[in-house]
Amino acid sequence: MNYEIDFFYVLKGIDQLLEGLLVTVQLTLTSVVIGVIGGFLVCLMAMSQSRLIRLPTMAFIEVFRCTPALIQIVWIFYCVPMLFNVFLDPFVMGVLALSLNLIAFNAEAYRAAIQAIPKAHLDASIALGLTPLQTNLYVVLPQAIRLGMPVLVTNAISIFQQSALVAIVAIEDLMYMGKLLSTETYRPIETFTFVALMYFAIALPVMLLSSRLEKRYKTANS
Amino acid sequence: MTYTIDFLFLFEYWEVLLEGLMTSLQVTGLCLLLGLALGFLVSLMRVSSNKLIYSVSTVYVEFFRGTPVLIQLFWIFFCLPLILGTEISNFSSAVIALTLYMGAISSETFRASLLSIDKDQSDACVALGLDSLTKIMHVILPQAILRAVPTLLSNTVSLFKESALVSAVGMSDLMYIGQNISSVTAKPVEMLTAVAFIYFIIAFPLTRCVSLLEGKLIHKIAI
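As you go down the protein sequences, you meet chains A and B in turn.
Using the numbering used here, the letters of the first sequence map in sequence onto residues 1 to 222.
Using the numbering used here, the letters of the second sequence map in sequence onto residues 1 to 223.
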């Protein structure tokens with residue numbers, strides 16, 4: 001091998017990478033916030049009594065769970081402007097694509113969690129005379145978040161990783177900046193390794209947190 | 001809106017799309033087999049009492065679960081040839097990358113199901129005087145594998161979806177062909193929708209199977 005490892009150029013381009021990282025983190029956090037809230041609403045809609053609400057919602061969930069995130073992102077980038085004649089900021093489009101994907105996955109997580117809530121709680125809510133809104137807000141939601149937490153965190157980690165896909169539609173996130181830097185410097189090994197480590201450094205603490213949560217959840221249940 | 005939707009033109013391209021789908025399925029199938037074997041091996045390494053074996057396998061799994069598949073793919077596509085000093089075709093790098101990804105997520109599945117087997121079963125094996133090979137081959141493994149099936153199936157769906165990424169290194173899979181046709185014909189709405197639909201009709205029945213298996217079959221057979 002006559003390739004000499006030299007991290008000099010990567011370190012010179014560190015500002016560029018950090019800028020990209022900032023975009024990645026912003027994309028992820030915005031999508032996670034939208035996904036956690038939107039996922040619960042969509043989950044309630046998917047469990048609605050009315051077919052008119054339930055069926056389209058379930059179709060939405062299945063479509064986003066059963067197609068590659070890449071095609072969702074590309075579709076939204078090319079087709080939304082053409083179909084609706086709106087031209088949004090690329091960052092907004094990225095958030096839109098990632099949060100729709102996360103909403104679908106979180107809705108499933110919430111649904112599993114809600115099904116684990118004992119039926120007696122709902123009966124009790126009726127007996128206490130709570131309105132449906134109060135029941136959802138004070139009885140169902142807190143438990144759904146607690147029971148669904150391990151999966152919600154796992155989903156957040158995977159949306160963090162899927163966010164790298166927006167580089168393909170030229171949003172200047174960490175992945176995009178890394179690709180750019182590696183072509184500019186002809187140093188793919190150093191750049192890609194460094195970028196991978198940056199992703200890993202952020203994902204690892206969250207992954208550790210999630211496995212601790214899961215353990216606590218298991219011991220609390222047994 | 002000035003864009004007129006016309007799905008009919010898609011029929012001219014169905015053969016190419018089918019070819020792309022075949023490529024996607026080939027990559028998925030190959031990586032599924034290799035990834036399952038790798039994942040199984042790694043899961044055994046991760047329950048090993050040898051510290052070195054445990055650490056190596058744990059670092060591998062955590063690293064591949066903690067970084068985007070896209071960067072794993074790019075790393076293998078751009079960096080591995082430099083390190084090895086030989087060319088690697090994009091098919092090989094796609095297969096290597098997705099196999100490593102599938103191996104990492106499946107090893108977690110195998111591990112979870114190995115750990116889910118009740119300790120009593122091991123005790124019972126000791127009480128019955130079974131040697132450890134018999135215990136593993138005839139008592140622990142059959143149950144563990146059966147319990148892992150639903151999650152492995154949903155891993156397969158993830159793998160199939162992730163296979164769309166190989167278009168980023170220029171492999172002509174379904175995604176790549178779809179994007180190409182959509183830019184040549186300037187009809188992205190129909191083309192991309194059609195491609196998404198093709199992915200959907202393959203992945204959706206599989207996810208249905210997952211919920212079916214989780215709901216009934218496994219409980220009936222195994223637990």
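In case anyone wonders, no lab produced these hints; they're calculated from the structure.
Worth double-checking, as some hints may not be accurate.
[Unchecked claim] Footprint (simulated), chain B over chain A, 3 or more residues, beta carbon under 8 angstroms:
| # | segment |
| --- | --- |
| 1 | 23 to 31 |
| 2 | 78 to 90 |
| 3 | 108 to 118 |
| 4 | 147 to 154 |
| 5 | 162 to 170 |
| 6 | 195 to 203 |
| 7 | 211 to 217 |
A virtual CB, placed ideally from N, CA and C, is assigned to each residue, including glycine.
Status of each hint after checking the structure:
no.	hint	in the structure
1	23 to 31	violated (count 0)
2	78 to 90	holds (count 6)
3	108 to 118	violated (count 0)
4	147 to 154	violated (count 0)
5	162 to 170	holds (count 6)
6	195 to 203	holds (count 5)
7	211 to 217	violated (count 0)
Going down the numbered hints, you'll see the structure goes against 1, 3, 4 and 7, while the others check out.
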